Structure formats: structure tokens, C-alpha cells
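Make the full structure from the sequences, and use the hints.
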Amino acid sequence: MIVKVDAARCQGHGRCAVEAARVYTLDAEGHCAVNGRTIPPELEEEARIGVEVCPERAIALEP
Amino acid sequence: MSVAHSSETVPAHVPTGRVYDFDISHDPLLKPDLHLGLLELRKRAPEIFYTPRYGGHWIAQGHDAVFEITHNHEVFSSFQGLRAMIPIGVDPPQHEDYRRVLLHAFSPRTVTAMTETIKSLATELIDQVAARGSCEFVSEVSEPLPVIVFMKMLGLPLEMMAPLRKLIITALEEGDPVKREATFDEQLVMLDPVIRERMANPQDDILSRIATADLGGRRATFDEMQRYLLLLANAGLDTVVNAMSFATLHLANDQDLQAKLRADPALVPDAIEEFFRRYAVSSIGRRVTRDFEFRDVTLKAGDRFILLLPAASLDENVHPDPGAVVLNRENPPITFGAGVHRCLGSHLARLELRILMGEWLRRIPTFRLDPAKAPRSHAGLVYTVDHLNLLWDGAESKP
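The listed protein sequences derive, respectively, from chains U and X. Final position of the first sequence in my numbering is 63; the numbers increase by one with none missing. Final position of the second sequence in my numbering is 399; the numbers increase by one with none missing.
Source of the hints: derived by calculation from the structure; they are not laboratory data. Heads up, some of the hints might be wrong.
If you want a taste of the chain U side facing chain X, the calculated C-beta under 8 Å gives, among others [stated by the list, open to error]:
no., residue
1, Val-51
2, Glu-52
3, Val-53
Per the computed footprint, the stretches of chain U lying under chain X, defined by three or more beta-carbons under 8 Å from a beta-carbon of chain X, are [what the hints assert, rightly or not]:
no., segment
4, 5-15
5, 32-39
Okay, the calculated beta carbon distance ranges per label pair [claimed, not checked]:
no., chain 1, residue 1, chain 2, residue 2, range
6, X, Arg-218, U, Glu-45, 44 to 50 Å
7, X, Asp-127, U, Glu-44, 51 to 57 Å
8, X, Pro-32, U, Pro-40, 50 to 56 Å
9, U, Glu-52, X, Phe-292, 27 to 33 Å
Predicted model, so just to flag it, every value in this text is computed and none were measured. Here a beta-carbon is modelled for each residue, glycine too, at the ideal position from N, C-alpha and C.
Spelled out as C-alpha cells, the structure:
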């Protein structure tokens with residue numbers, strides 16, 4: 001599973017990094033910094049939490 | 001109800017089917033229960049409608065409409081034509097420089113580091129009322145907790161708390177933007193000396209951080225300091241108070257959920273999330289910059305919008321059975337707005353509510369509304385609980 005972050009949508013609210021800290025990290029400006037990262041199976045559930053809490057709908061997961 | 005309003009407050013480009021007379025501050029529909037009133041409003045009026053009140057303005061109450069508006073600052077400007085508060089009243093690209101100054105102070109990391117401070121103040125306030133068996137929750141708990149925390153963060157003297165709160169509540173109840181502006185001037189009479197002092201002698205607080213920040217090669221002017229502080233004070237010294245009060249009011253009426261949270265405190269964060277949605281308190285404004293067709297509505301340059309976030313968070317298309325309190329809903333709430341202006345203080349608000357609710361349930365036995373003193377609330381740009389009298393086990397109502 002791969003995380004796709006739409007940089008144009010991400011506003012740096014940081015919800016993903018708070019609620020699913022093992023998957024999502026932020027860059028210095030507070031924007032989601034894991035675009036393209038491969039998610040190991042044991043973290044897939046946590047990755048989904050990040051998708052759900054993002055107020056900007058900026059995160060998607062691809063197989 | 002529409003009799004008192006002549007057609008001149010409904011411009012020619014607004015079709016009759018889009019007009020619904022709604023007073024954002026004093027509508028009868030919002031009595032006695034603000035949020036139940038909004039659920040009714042959602043049935044009576046379309047997702048975007050025009051009210052002749054306060055000189056005439058649009059109201060967006062649908063989730064998707066609000067989401068789109070907050071993501072289109074070229075058409076829907078945050079600049080309201082009056083004094084532009086910083087950063088909420090400034091559009092990109094300038095907005096970014098202004099907001100950046102505040103990011104550190106409200107980041108999850110900074111806020112999380114305040115956990116113990118908030119917890120100790122929360123327990124102190126709760127312990128003051130615990131043995132009594134009753135309290136007026138707003139003045140004794142939900143007001144002092146976030147207001148003291150935030151005034152200290154900002155660098156405002158605590159003696160200002162009562163008079164400043166009074167002016168802020170007046171400002172946020174006012175539906176007329178011009179009259180509201182006058183109440184901001186009153187606030188500045190109180191705040192100006194603090195601004196001058198921090199500009200001259202910066203301390204370790206947010207005001208000083210703004211005063212010494214790099215705004216593209218220059219420092220903030222006095223006028224900019226005023227506009228920053230007005231936003232911080234009016235957004236930060238009221239909203240969390242009411243979020244806490246509405247959540248606690250709900251629990252006083254919902255003994256099942258209260259028992260469930262006592263039995264499993266790990267559910268408190270999910271409950272807080274749902275209270276944020278079910279009882280959103282803040283609405284925000286936008287102004288249309290050019291003639292525009294939006295979701296089958298014709299808009300003209302200069303049209304004003306109120307984004308009724310407390311109604312949008314009750315949108316049944318996004319949150320099925322919106323009046324019910326359901327933990328772990330699928331979609332995040334739009335309570336804090338969306339887009340570049342989304343609430344900067346949401347991490348702080350969330351932490352404060354989680355701590356307060358956790359400690360309250362741990363220290364106070366099963367509580368309910370005092371039957372002799374009904375709670376009171378009022379509408380406006382921020383939905384406000386005026387009084388919330390609670391009793392807990394073994395206590396009798398006192399006159």
C-alpha cells in the first residue's frame with residue numbers, strides 16, 4: 001500500500017501526524033511529508049485513520 | 001416574520017426560492033435549542049439561501065457548499081471590507097506570511113507540551129466545586145480554564161479576563177458587522193497598552209512573538225498587532241468555553257453516554273470529536289469578489305456570505321442521522337472550517353476538552369441539569385452557553 005498526498009490540498013493542519021503518528025510525519029512547514037511512502041501491512045489500519053481525519057481530503061491510499 | 005423587511009434588502013439577482021428570512025443572532029427558530037433549531041433550518045431552507053437581515057446576505061449551510069467556498073478564496077474573499085483581522089480576514093498570498101508567525105505556538109507539539117499545565121488548572125477548578133454537589137459550569141469551569149490558559153499564552157494580564165470576556169461576548173452576539181466593529185474598538189481601548197508594552201519589551205508569549213516576527217523583511221506595525229490580537233482574543237477566548245459547555249450540557253442530559261464514558265474513559269477523545277460536530281459553535285464570513293455562478297446560484301460581486309458551520313456540521317448527506325451523538329463517525333466535521341483559514345487553535349481546543357472531560361468524569365459523580373435553573377444559551381457568530389447549572393448525586397437544588 002502506498003500513501004498519496006495531494007500537496008495542493010494539504011494545508012498543514014497536522015491531524016494525520018497526531019492521530020496516526022507511526023505513518024504520517026510533517027515537514028518543517030507542517031505539511032504532510034510522506035507522499036509516495038510504502039506502508040507495511042501492520043500499519044495499513046493506521047494509514048486509513050490518517051485518510052479519515054484529514055479535513056482537506058488530501059490523503060489517499062493506493063494498492 | 002418577513003413582513004418587516006422590504007424587498008430592497010433582497011437584490012434582483014436573488015430568486016424568491018432562495019430567500020429565507022433568518023436572523024443569525026436572534027432567530028426564533030434557534031430558541032430554545034440552537035442546534036435543534038439548525039436541524040429544522042436545514043429542512044426549511046436550501047443549502048445556500050439569502051436572508052434580508054443585517055442589510056442582506058447569503059448563508060451557506062450545506063457541508064459541500066461550505067467546503068467549496070473555503071477552498072476558493074479568489075471568488076470568496078475573507079476580506080469583509082472592514083478592519084481585516086489577521087490572519088482570518090486576509091487572503092492568500094499575504095495570508096501565508098501572517099499565519100506562519102502563529103504556526104509554532106499552536107502546533108500539536110507545542111500544545112501537547114502544555115498538557116500538565118492544563119490538567120493542573122482543570123483539577124484545581126473542578127476540586128473547587130466537587131464537594132459542593134453543584135456548580136454553574138460556565139463561570140466556574142468552562143470559562144476560567146481555557147480563558148486563563150489562553151490569556152497566559154497570549155501575554156494578557158489575567159485582571160482583564162472579566163471585562164474583556166464581556167466585550168467579546170457582546171461582539172460575537174452582534175449580527176450586524178458594522179456594529180460589531182464598534183465593539184472591537186472598545187476592546188482595543190483595553191488591549192492597546194499591552195500591545196505597546198510588548199512591542200517595547202518583548203516577553204516569552206505570543207504577542208511578543210508577533211511583535212518580533214519577520215514579516216517579509218519587516219516588523220509588524222501597531223495596526224497589524226491590533227488586528228492579530230483582535231482575532232486571537234475573539235477566536236481564542238470564547239469558542240472553547242462554549243465547546244466545553246455544550247459537551248457537558250449534552251452529557252448532563254444523556255445519562256447513557258455519561259455512564260459509558262465513565263466506564264471506559266478511553267472513549268472520551270471520540271466523544272469530544274463528536275461533540276465538536278454535533279455542537280459546532282462558530283460561523284465565519286466571506287465576500288464575493290466577482291459575479292459568479294455557484295451551485296446553481298447567481299452571485300454578484302460584493303455579496304456577503306455567512307458560512308453557518310454549526311449547520312453544515314449537521315448536514316445529513318455527510319453525517320447520517322445528524323442529530324444523534326454517534327462515536328467514530330466516518331467523516332471529519334467541518335466545525336473548524338477548512339482550507340487555508342481552518343482554525344489554528346483546533347489542537348489546543350481538542351486537548352483542553354479531552355483533559356477537562358476526563359478529569360470532570362473522574363472527579364464528579366453522575367451529574368444532571370439543575371431542574372430549578374434551566375440552562376440558557378444564545379446565538380450569534382459564536383453559539384454561547386450563558387448558564388449551565390449542574391447537580392450531582394446527593395445534592396439538592398439551592399435557591
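Checked hints:
1. At its closest, the beta carbon of U/Val-51 sits 10 Å from a beta carbon of chain X; the interface hint therefore is violated under the 8 Å criterion.
2. The beta carbon of U/Glu-52 comes within 7 Å of a beta carbon in chain X, closer than 8 Å, and the hint placing it at the interface holds.
3. Taking 8 Å as the C-beta cut-off, the interface hint given for U/Val-53 holds, the closest approach to chain X being about 6 Å.
4. Coverage of a stretch by a chain is defined here by at least three residues with a beta carbon nearer than 8 Å to that chain's beta carbons; for the segment 5-15 of chain U and chain X the count is 5, and the condition holds.
5. Counting residues of the segment 32-39 of chain U whose C-beta lies closer than 8 Å to any C-beta of chain X gives 0; at least three are required, and the coverage claim is violated.
6. A C-beta distance of roughly 48 Å is found between X/Arg-218 and U/Glu-45, which places it inside the suggested range of 44 to 50 Å.
7. The hinted range of 51 to 57 Å is not satisfied by X/Asp-127 and U/Glu-44, whose Cβ atoms lie roughly 44 Å apart.
8. About 53 Å separates the C-beta atoms of X/Pro-32 and U/Pro-40, a value consistent with the hinted range of 50 to 56 Å.
9. Restraint check, U/Glu-52 to X/Phe-292: a C-beta distance of roughly 32 Å satisfies the suggested window 27 to 33 Å.
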